[in-house]
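Each chain, written out:
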Amino acid sequence: MDGPRNKSGVTEMFGVGHPMLTPDEWTIILLSLKVGAVAMVVTLPIAFALAWLLARARFPGKLLVDALVHLPLVVPPVVTGWLLLIAFGPRGPIGGWLMGWFGVSVLFRWTGAAIAAGVMALPLMVRAMRLSIEAVDRRLEGAARTLGAGPGRVFWTITLPLSVPGVLAGAVLGFARSIGEFGATITFVSNVPGQTQTLPLAIYSALQQPDGDAMVWRLSAISVALSLAALVASELLARRAGRGLHVF
Amino acid sequence: MSFDVILSKRLGDAEIAAAFAGGEGATVLFGPSGVGKTSVLNMVAGLLAPDSGHVRVDGDTLFDAAAGVDVAPERRRAGYVFQEPRLFPHLRVRANLLYGAGKGAALDGAIDFLGISHLLDRWPRTLSGGEARRVAIGRALLSNPRFLLLDEPLSSLDRARREEVMQAIEHIRDVRKLPILMVTHDAAEAERIGTRIAAM
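Chains as they are written, first to last, in the numbering used here: chain A, 1 to 248; chain B, 1 to 200.
Keep in mind that the hints were calculated from the coordinates and are not lab data.
The beta carbon of each residue, even a glycine, is placed where N, CA and C say it ideally should be.
Hints may be right or wrong, so weigh each one.
One side of the interface only, derived from the structure: several residues of chain B facing chain A at Cβ under 8 Å [claimed, not checked]:
hint, residue
1, F3
2, A45
3, V71
4, P73
5, F82
6, F88
7, H90
8, Y99
9, G100
10, S143
11, R146
Beta-carbon label-pair distances, calculated as ranges [claimed, not checked]:
hint, chain 1, residue 1, chain 2, residue 2, range
12, B, D174, A, P60, 50 to 58 Å
13, B, D64, A, P151, 16 to 24 Å
14, A, G152, B, G59, 24 to 32 Å
15, B, A72, A, R239, 30 to 38 Å
Model the full structure from these sequences, guided by the hints.
So this is what it looks like as structure tokens:
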């Protein structure tokens, strides 16, 4: 036996023969990071506001809001994607407005992929942030009030800093979830290389190709590594939140 | 007249009621655990709304159910030393002390008598019980309070620490001349600190 036949299937699969990523693969990874980062940054304040409402406010219909926020966690992602398509389509309430006022559409664009990722990440982020807000000792807020701090200053100097570890944990988790988004994305904005083809979509495409095995292995390894790093980071931050410690 | 307080509050099955008035010095609310002494302090500080009655300090009305007056806690200028120190865990001792002191304030000699100047760069979780209690008293004093609320300020301290904190309170009462409203269930403390004692 000679030549390529000597290589075991495993080294072939791990791409040892081609340790470098191809330019296309770099495009996929960078696009995934961009989509994940934008989804996370835009969703962060929305998730925090919802987490705050659910943790602190009392209002009629709170249970319904709670359920709606968690809906993307349990509804089939393809349904979420289809609903986004209706909402952001050219005739949809949001899509029509975007087109009419700004002349833009998010369909088949990375911005659409970020919207899908953000919606799917929202429940996870809200959960983590809500727990950290609920863990803040409200007696400290009372103490700050007696020291002359109004509700706004109490929020910025006591509540927010003490809930920051949990907020960051939620953000990291949301970022990881965004990078892994598949079903809603492919339904909503399709699988366009360079625009909406993030890691999971690229892996799905590579699986359809007869010679795509090495690419599948490399991209999967990167997905697992990113997810693992995010989970560890999120867990470490959440533990800090649990002990009421500062992050910095 | 420093304190003029009549209030009542229903909390669950318990009815909390207190009425006392007093002049200079320290007014001690004395009574067994569970009669609502801490709730009275919270109502004077504005952290808990009474059902009825009024709270006046030095002639200023902080709360009056009949007149619909309820001054926000941050504008009552109560120096409240809670039963547990409630130091902010994410701020060092210095930042805790200055939290209520206003922008650009610096530590002056006003709290030297507390003996905490060597603790300024420590985190609250590294303090002993007596140190944390003295920092909490310093934080309340530096917020430029109009009156002081002390909730069992000597509980869970050993004998030496108790004496330190006791002397600090006497200093505030006699030298700073701040009106003090203190809660305790210890008769000896009540006797020593109190200019007058209101039993609950």
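Original post:
Which numbered hints are broken by the structure, listed smallest first?
Top reply: Violated hints: 1, 3, 11; rest satisfied.
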